[in-house]
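Colleague: Modelling step: build the complete structure from the supplied sequences, incorporating the hints.
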Amino acid sequence: MSFDIDKIRADFPILQQTVYGKPLVYLDNGATTQKPNIVIDRISDFYRTTNANVHRGVHFLSDKSTQEYESSRDFVAQFLNASSSKEIIFTKGATDSINLIADAFTQSILKKGDQIIVSALEHHANLVPWQIACQKTGAELKIIPINEKGELIQSEFENLLSDKVKIFSIAHVSNSLGTINPVKEMIAKAHQFNIPVLLDASQSVQHIEVDVQDLDCEFLAFSGHKIYAPTGIGALYGKTEWLEKLPPYQSGGDMIDQVSYISSTYAEIPLKFEAGTNNYVGAIALAEALKYVQNIGLKNIANYESELLNYATQKLNEIEALKIIGTADKKASALSFIIDKIHNYDLGMILDKMGIAVRTGHHCTQPLMNKLGINGTVRASFAIYNTKEEVDKLTNALLKAQQMFS
Amino acid sequence: MSFDIDKIRADFPILQQTVYGKPLVYLDNGATTQKPNIVIDRISDFYRTTNANVHRGVHFLSDKSTQEYESSRDFVAQFLNASSSKEIIFTKGATDSINLIADAFTQSILKKGDQIIVSALEHHANLVPWQIACQKTGAELKIIPINEKGELIQSEFENLLSDKVKIFSIAHVSNSLGTINPVKEMIAKAHQFNIPVLLDASQSVQHIEVDVQDLDCEFLAFSGHKIYAPTGIGALYGKTEWLEKLPPYQSGGDMIDQVSYISSTYAEIPLKFEAGTNNYVGAIALAEALKYVQNIGLKNIANYESELLNYATQKLNEIEALKIIGTADKKASALSFIIDKIHNYDLGMILDKMGIAVRTGHHCTQPLMNKLGINGTVRASFAIYNTKEEVDKLTNALLKAQQMFS
Amino acid sequence: MTINEIQDQIVEDFSVFDEWLDKYQYLIDLATDTPQIDNQFKTNQYLINGCQSRVWLHAELKEGLIYFTGDSDAIITNGIISLLIKVLNKRTPKEIIEINLYFIDKIGLSQNLSPTRANGLAAMLKQMKLYAVAFDAKSK
Amino acid sequence: MTINEIQDQIVEDFSVFDEWLDKYQYLIDLATDTPQIDNQFKTNQYLINGCQSRVWLHAELKEGLIYFTGDSDAIITNGIISLLIKVLNKRTPKEIIEINLYFIDKIGLSQNLSPTRANGLAAMLKQMKLYAVAFDAKSK
Ligand SMILES: Cc1ncc(COP(=O)(O)O)c(C=O)c1O
Ligand SMILES: Cc1ncc(COP(=O)(O)O)c(C=O)c1O
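Chains as they are written, first to last, in the numbering used here: chain A, 1 to 406; chain B, 407 to 812; chain C, 813 to 952; chain D, 953 to 1092.
None of these hints come from the bench; they were simulated from the model.
Some hints could be false.
[Claimed, not checked] Capping the alpha-carbon separation at 16 Å, the derived lysine to aspartate or glutamate pairs in EDC-like fashion look like this:
| id | chain 1 | residue 1 | chain 2 | residue 2 |
| --- | --- | --- | --- | --- |
| 1 | A | K400 | D | E971 |
| 2 | A | K112 | A | D163 |
| 3 | B | K747 | C | D885 |
| 4 | C | K938 | C | E907 |
| 5 | B | K590 | B | D620 |
| 6 | A | K400 | D | D974 |
| 7 | A | K112 | A | E148 |
| 8 | A | K341 | D | D1025 |
| 9 | B | K428 | C | D885 |
| 10 | A | K22 | D | E971 |
| 11 | B | K806 | C | E907 |
| 12 | A | K323 | A | E148 |
| 13 | A | K22 | D | D970 |
| 14 | D | K1058 | D | D985 |
| 15 | C | K950 | C | E875 |
| 16 | B | K428 | C | E831 |
| 17 | B | K806 | C | E831 |
| 18 | D | K1038 | D | D985 |
[As the list claims (entries may be wrong)] Selected chain D positions facing chain B (in silico; Cβ < 10 Å):
| id | residue |
| --- | --- |
| 19 | Q997 |
| 20 | N1001 |
| 21 | Q1004 |
Quick caveat: nothing in here was measured; it's all calculated off a predicted structure.
Ideal Cβ placement from N, Cα and C applies to all residues, glycine included.
Modeller: What follows is the structure in structure tokens.
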């Protein structure tokens, strides 16, 4: 399929919205994406025709719901190129997925003296759970530093590798700087020390091709709402042998095999990690969103968005006193910047009044902002439905704002 | 508002569905309820007009989303009569809510020699997390036994009370037998020993009035999907002083105040317990569902459903060889039964073929079934849209099934 | 009779019913035909996972042919076991491994084949094939 | 001028703008009017939570009247502080406690009053009232 931007925009009803009388220019896709009609309708149709609780029923609707839920799992597996559907666990989102793994490692692997590696670019969701794991177990957190372009310093990463490291958890794409980390190479290096790797793909699955077998990561986490799916659903991929050996996270219905008042035995994976009534409608809508993305094609998406990002970078660089934060050679989606003497928050407020939605502040990467010596940035983050005209609007709005504050 | 059953049925589009060419008779409400148009439309409309990530944005849509999310919290607080909105935490569902509390008690309160009380009626979701808490801390699980009607034996409960008990967690209404437990009195008794109480209201909020201040429970958990709201959302109520002193559960964005690479400080309640992007659309739809319920009125609902349950009980009792399991004086929604010499699963299959959706098996209460010496039951569970005609269909179908197996 | 002759026969038997309930009545009636498993095999080892009812299945190889017996505490499940055994009994491992089982679809029970289905038809079938594979391996 | 006279004046000042951007331009221009907080008070203790920009607010009681000073690292926030101080400065604690603040609504900034709003207008207002309550209690 070729990339037909008009058709794509027509798929997203919210883009027809106006804000303060101005057409909405939605550039806050790093925070959450908008939903195409096909996903919204999937949810409504499901509730209108099929809904019943999964896995437990002998009746027609329950069976149909279960089939749709499980084939959604199959689709997620296919989308990530997992080797089996049982390697896919449906979670609440990336934060839930990462917490699940951090908890399992806390319970069963980490000990005093062990180490955990993360990077200086991490979102709080991939930092705080590991800090807590360290507090609970006495393990130590090691941070891969960045260079002035916002790229991880590979030699420093290599220095951190050792047999002491029990897990390495890293963002595929940085949410605040847009840096695409060379994770395939980094995973291979970690494997030389038998270190399992958790990939935080929250900012990558929607922008570039992700193949878990090619990358060879042990775990991968992402959120549905950032890839055109509803809120409240996400996925965790894990290699079978790892999921089988890790202890369960939450407990309750569906995740157990036998229960007595005294004790319980657990179900097989993936159900072992899915306690209670899962968000099966969310899972079904997630699969629908992934199908939508797959139909457009991730190669096409990556090309289109990268062209957009380059165009925006060039345009913004023409603005005097504007400084782009994060100038890695390989970037996706996010464009962070500051303007001399104007607070990012002031800029955000003025852009908002011109109908342009951007994010301001630390983007849940406070330590990174401290490291960079800034209090935050304005971040424009692009998705498949954004256009060069929107980039022009952003540029003009920034020029206008500059005037207002001068 | 008076109870207009035709109008109510018209609100639920799935009830117009046929199954194997027969009109759907949906009596599996204990597993999950169907959704009224107003809730389904709320989700679609939100995605079409308003969606943006909450709490973090300076822009118009983000602000609007946040306001709708927070006013949904206000509504849940009002629905439960909580004294403040910050006592409401949005979770994935009842299982998530109970796991949160069990984890917090495991982390910060339970020690070897302590005790936890649950009842013989509990759903696995309110049993297994406490078993695991016991395994992790060395605390001991005490079970309140039931009498032959399926009621908790109060004198035995009183015998279990002591200073050793650190938490008492109990279902308001039993999902498999329908028993309404006298929780207000039991909570008062527990308080004499300063024991905090978690109420599993998964099977009560949708059927009878629940007022947390009147009941005086410390915590309360329920799932949205069982009260006409979507999957993937639920709530946890907790008294302010308790939520303030318990440690956080998951960690990530939004739940922290300050983060450095070394450590982090936590946000105020309720955000302390809401890590990552929460299911804000689910929360908004949950509030819509609760409004729908409140408009009909829980008194009216309780009256109507209780009449239905009585009618069904009387009708089913007329069937020879049928035995109702659970004959408590006070019951809500669930009607469990077995028929001599016919496996519950066989019955369920035949009812299904007549368009009647019931649940069969242990209903996630395996220990209770073992205790009762049965391998499961057929459970019909009623909601606001069920009718006496549907009860008649169930009765006739059971008679027909009896013939088939004789 | 060949495997396919038996399958065709079953399809014909079911073709007279156009009501679901009649099909199930027939399954119920078939239940009594199931070659009864010896009581000594009614143990956890022979229990099949994934069914709401309990299902035991036993197989043995005699003179190159597999003999299946089974039982369930639910009658309809027993009827289904009975059908499966009718088709698969006294066949060589190789025949079972290579079987093209079309009758389930034709009699309208294929919805029951979903692995998520509580009756475990899929699980039973899988177990029968596993027996065949095991016997086949042994005889090599 | 009375509190309401000042409020009415602000409403009038804003009434000439029908474009959002002009209102914000006016807020930006107002920012320089903010009675500057003494540097010694620009500490965490005087920092207001709940704003994306940093906001410091200080109050002192002199001869029964409250004197507010403030600052923010964001200009628009400073403009808002300036408006609030215009209205609330040099009033008695009682006046501030009992105030009916209608100008925010009338100039179209009431959306900014939501407690979830990142600019923290609600948080600032709350802090100012807290000062008033504290001074009021002390003087009793
Ligand atoms: C009494 C009771 N508690 C807890 C649960 C668990 O709810 P969920 O599966 O929505 O987390 C259920 C649902 O079946 C229930 O009936
Ligand atoms: C890189 C990264 N990791 C994790 C998360 C957390 O995702 P969620 O809030 O959906 O759980 C985000 C979202 O902002 C992110 O950008």
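Colleague: Each hint should be assessed against the structure and marked as holding or not.
Modeller: So, going through the hints one by one against the coordinates:
At roughly 14 Å between alpha-carbon atoms, K400(A) and E971(D) fall within 16 Å of each other, so this suggested pair holds. A distance of roughly 14 Å separates the Cα atoms of K112(A) and D163(A); the hinted pair therefore holds under the 16 Å criterion. Simply put, K747(B) and D885(C) have alpha-carbon atoms about 10 Å apart, close enough for the 16 Å limit, and the pair holds. The suggested pairing of K938(C) with E907(C) holds, with an alpha-carbon distance near 15 Å, which does not exceed 16 Å.
For the hint linking K590(B) to D620(B), the alpha-carbon distance of about 8 Å falls within 16 Å, and the restraint holds. With a CA separation close to 12 Å, the supplied pair K400(A) and D974(D) stays within the 16 Å bound. Our distance criterion of 16 Å between C-alpha atoms is broken by K112(A) and E148(A), whose separation comes to about 33 Å. Proximity of K341(A) to D1025(D) is assessed by CA-CA distance (about 10 Å); at most 16 Å being required, the pair is judged to hold.
For the suggested pair K428(B) and D885(C), the alpha carbons sit about 28 Å apart, so the restraint of at most 16 Å is broken. Taken as a hint, the K22(A) and E971(D) pair is honoured in the structure, with Cα atoms around 11 Å apart against an allowance of 16 Å. Of the pairs offered as hints, the one joining K806(B) and E907(C) is violated, with about 40 Å between alpha carbons and a cut-off of 16 Å exceeded. A C-alpha spacing of about 13 Å is found between K323(A) and E148(A), which places the hinted pair at or below 16 Å, so the restraint holds.
Of the supplied pair hints, the one linking K22(A) and D970(D) holds, its CA atoms being roughly 14 Å apart against a limit of 16 Å. Of the supplied pair hints, the one linking K1058(D) and D985(D) is violated, its CA atoms being roughly 21 Å apart against a limit of 16 Å. Restraint check for K950(C) and E875(C): satisfied, since their Cα atoms lie roughly 13 Å apart, inside the 16 Å limit. Taken as a hint, the K428(B) and E831(C) pair is honoured in the structure, with Cα atoms around 11 Å apart against an allowance of 16 Å.
Pair hint K806(B) plus E831(C) holds up; C-alpha atoms about 14 Å apart against a cutoff of 16 Å. Straight-line distance between C-alpha atoms of K1038(D) and D985(D) comes to about 9 Å, which keeps the hinted pair within the 16 Å bound. At its closest, the beta carbon of Q997(D) sits 16 Å from a beta carbon of chain B; the interface hint therefore is violated under the 10 Å criterion. For the restraint placing N1001(D) at the interface with chain B, the shortest Cβ-Cβ distance is roughly 8 Å, inside the 10 Å limit, so the hint holds.
Against a cut-off of 10 Å between C-beta atoms, the interface hint on Q1004(D) holds, since the closest Cβ of chain B lies about 7 Å away.
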